[in-house]
Amino acid sequence: MLIRESASKMAEALANKEVSAVELTNQHFEQIEAVDKDVHAFLYLDKEGAISQAADIDKRRAAGEKLSPLAGIPLALKDVLTQKGVPTTCGSKILAGWRPPYDATVVTKLKSAGVVILGKTNMDEFAMGSSTENSAYGPTHNPWDLSRIPGGSGGGSSAALAAFEAPLAIGTDTGGSIRQPAAVTGTVGVKPTYGGVSRYGLVAFSSSLDQAGPCARTVLDTALLHQVIAGFDPRDSTSINQAVPDVVAAAKKQNVAGMKIGIVKQLSGDGYQKGVENKFNEAISELVKLGAEIVEVSCPNFEYALAAYYLIAPSECSSNLARFDSIRFGLRVGDDGTHGAEEVMNLTRQAGFGREVKRRIILGTYALSSGYYDAYYGSAQKVRTLIKRDFEAAFEKCDVLVSPTAPTTAFKIGEKANDPLAMYLNDIATIPVNMAGIGGMSLPCGLADEDNLPVGFQIMSPAMKDERMYLVGGALEAALLAKWGKPILDFAPKLVGSK
Amino acid sequence: MAAISRDEVANLARLARIAMSDAELDHLAGEMDVILGAVARVQEVAGKDVPATSHPLDVNNVVRDDEVVPSLSPNEALSGAPASEDQRFKVPQILGEE
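Heads up: the protein sequence lines correspond to chains C and U, in order. Going by the working numbering, the first residue of the first sequence is number 1, and it counts up by one from there. Going by the working numbering, the first residue of the second sequence is number 1, and it counts up by one from there.
The set of hints was computed from the structure by calculation and includes no laboratory data. Possibly wrong hints are sitting among the right ones.
To be verified - With a cut-off of at most 30 Å between alpha-carbon atoms, the simulated DSSO-like pairs for lysine-lysine come out as follows:
(1) K253(C) <-> K109(C)
(2) K397(C) <-> K48(U)
(3) K358(C) <-> K90(U)
(4) K48(U) <-> K388(C)
(5) K84(C) <-> K90(U)
What the hints assert, rightly or not - Here are some of the chain C residues that sit facing chain U, going by a computed Cβ distance under 8 Å:
(6) N301
(7) H339
(8) I361
(9) K388
Claimed, not checked - Chain U regions said to be covered by chain C (calculated; three or more residues, Cβ under 8 Å):
(10) 15-22
(11) 30-36
(12) 43-53
(13) 56-65
(14) 75-81
This one's a predicted model, so the numbers in the text were calculated from it and none came from an experiment. Backbone N, C-alpha and C fix where the C-beta goes; we use that ideal spot for every residue, glycine too.
Just need the whole structure built from these sequences, with the hints factored in.
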């Protein structure tokens with residue numbers, strides 16, 4: 001069994017013909033069958049499609065064709081990206097059974113690189129949440145402790161990696177939905193620079209913040225996947241028309257001597273768990289040993305980032321989710337001849353949306369309504385400017401910024417489900433990155449002393465300098481691996497039935 | 001005083017086309033009051049001189065070349081529709097019978 005290996009190791013085994021892509025894919029389906037009844041990372045498995053894709057790769061390899069580095073490697077796809085003919089629900093009842101007629105650009109790129117898509121992963125409904133508890137199809141469980149959350153919104157993708165159900169996954173990050181799940185599951189996740197990866201076929205939540213990105217168990221695997229999915233797309237008007245930074249070379253370089261690394265003063269202290277701060281500080285010591293220079297920077301307006309985010313994201317969502325109108329796709333309720341179109345729309349949206357989605361639509365509708373627009377949405381947009389300026393000033397003093405990814409380790413399922421504000425605080429360290437459109441990575445930096453659960457280390461890089469987070473992440477990962485003697489996921493309890 | 005009343009929340013639900021139940025409206029009105037109390041602090045910090053940022057990238061009116069490229073067929077475009085007829089989306093009655 002190769003399922004516990006990195007994608008890079010699996011790629012070597014495929015290239016050396018030690019294993020076929022079909023065998024590798026079947027190994028992962030066996031693991032999914034064994035553990036996913038407990039983890040619930042997947043909403044849909046496309047066994048037939050995956051095996052036929054893998055068989056095609058095997059045939060092409062046998063014929064001597066030169067294949068891309070990740071050809072034949074299995075991947076878990078967050079259920080917010082369209083895949084032609086495969087159910088796409090966004091974790092919502094309103095899209096139950098919908099089979100999109102087209103591929104997202106990310107999916108097109110994965111397919112042409114020969115990556116084998118195993119299925120669609122669970123998520124908070126329309127990516128709104130930090131725990132995957134807002135999925136209409138039930139929560140995902142953290143493989144480290146099944147009574148705990150795997151983070152969110154991309155908890156299915158992060159749990160699939162941590163449970164060895166897939167070596168690669170795709171997430172999307174609007175306020176931390178790639179990085180916070182990575183942090184609490186001991187995996188790696190990257191939110192690329194806004195515009196670095198196409199949003200075509202990514203079901204929109206908050207268009208000025210949404211960004212798809214790569215997830216894996218190692219920094220190098222994440223970089224290899226980043227390289228596959230990034231790049232200009234004329235179908236996304238906010239796609240950046242520039243060369244993709246060489247993130248793979250950066251991940252391999254492992255040299256941070258002389259780099260200036262800034263610790264953001266505001267992303268620590270009150271609300272941050274002691275064990276999280278301890279592991280973060282230990283990682284900083286490793287970077288010092290590697291020759292990096294540590295500076296402290298102040299970003300005073302980050303204090304207002306969370307408040308501004310919870311106006312901007314709901315405002316954009318209230319507009320984006322207007323498309324779920326019971327006319328063109330998805331659920332229709334009450335169309336029995338006695339209700340007019342508007343009533344059917346009202347009944348459908350009431351039946352199809354969950355609590356958090358409704359809460360945000362109402363909040364956004366309020367923030368955009370006349371009389372309140374300037375005070376709420378307008379002020380939030382100004383705060384966004386101030387946050388961008390804080391980053392600009394900070395990046396004048398250092399090459400990357402760092403912080404803990406999330407203020408705590410994984411909490412218990414149900415613990416914060418009835419307190420929206422407590423739930424929103426999980427994103428306090430990840431949101432500034434989205435507001436400014438820059439890059440952010442989370443990688444594991446140890447287990448918290450209090451609860452033996454993974455802690456995430458966040459690296460932030462200036463826009464279109466994504467290679468810098470891979471450079472620092474790759475070096476830190478290697479140093480920590482040497483210190484621990486084995487990968488962090490080898491410290492996790494074995495799941496019942498796991499291969 | 002509450003930042004937002006139950007009646008206002010009911011009106012927002014109507015504008016957002018969601019037929020919320022009375023119990024939901026009662027509950028949401030309380031939650032909205034707490035959330036608005038927390039997010040209102042955005043008003044404390046930015047002065048009149050600070051410009052708004054609506055988007056992280058400085059892009060305007062991006063247009064592509066006007067070239068014919070493959071697109072969805074009518075059948076594909078209608079494939080997810082709850083109801084369709086004659087290559088059109090079929091909707092419930094829009095106008096009242098008078």
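Quiz prompt | Numbered hints the structure breaks, given as an ascending list | solution = Result: no hint breaks.
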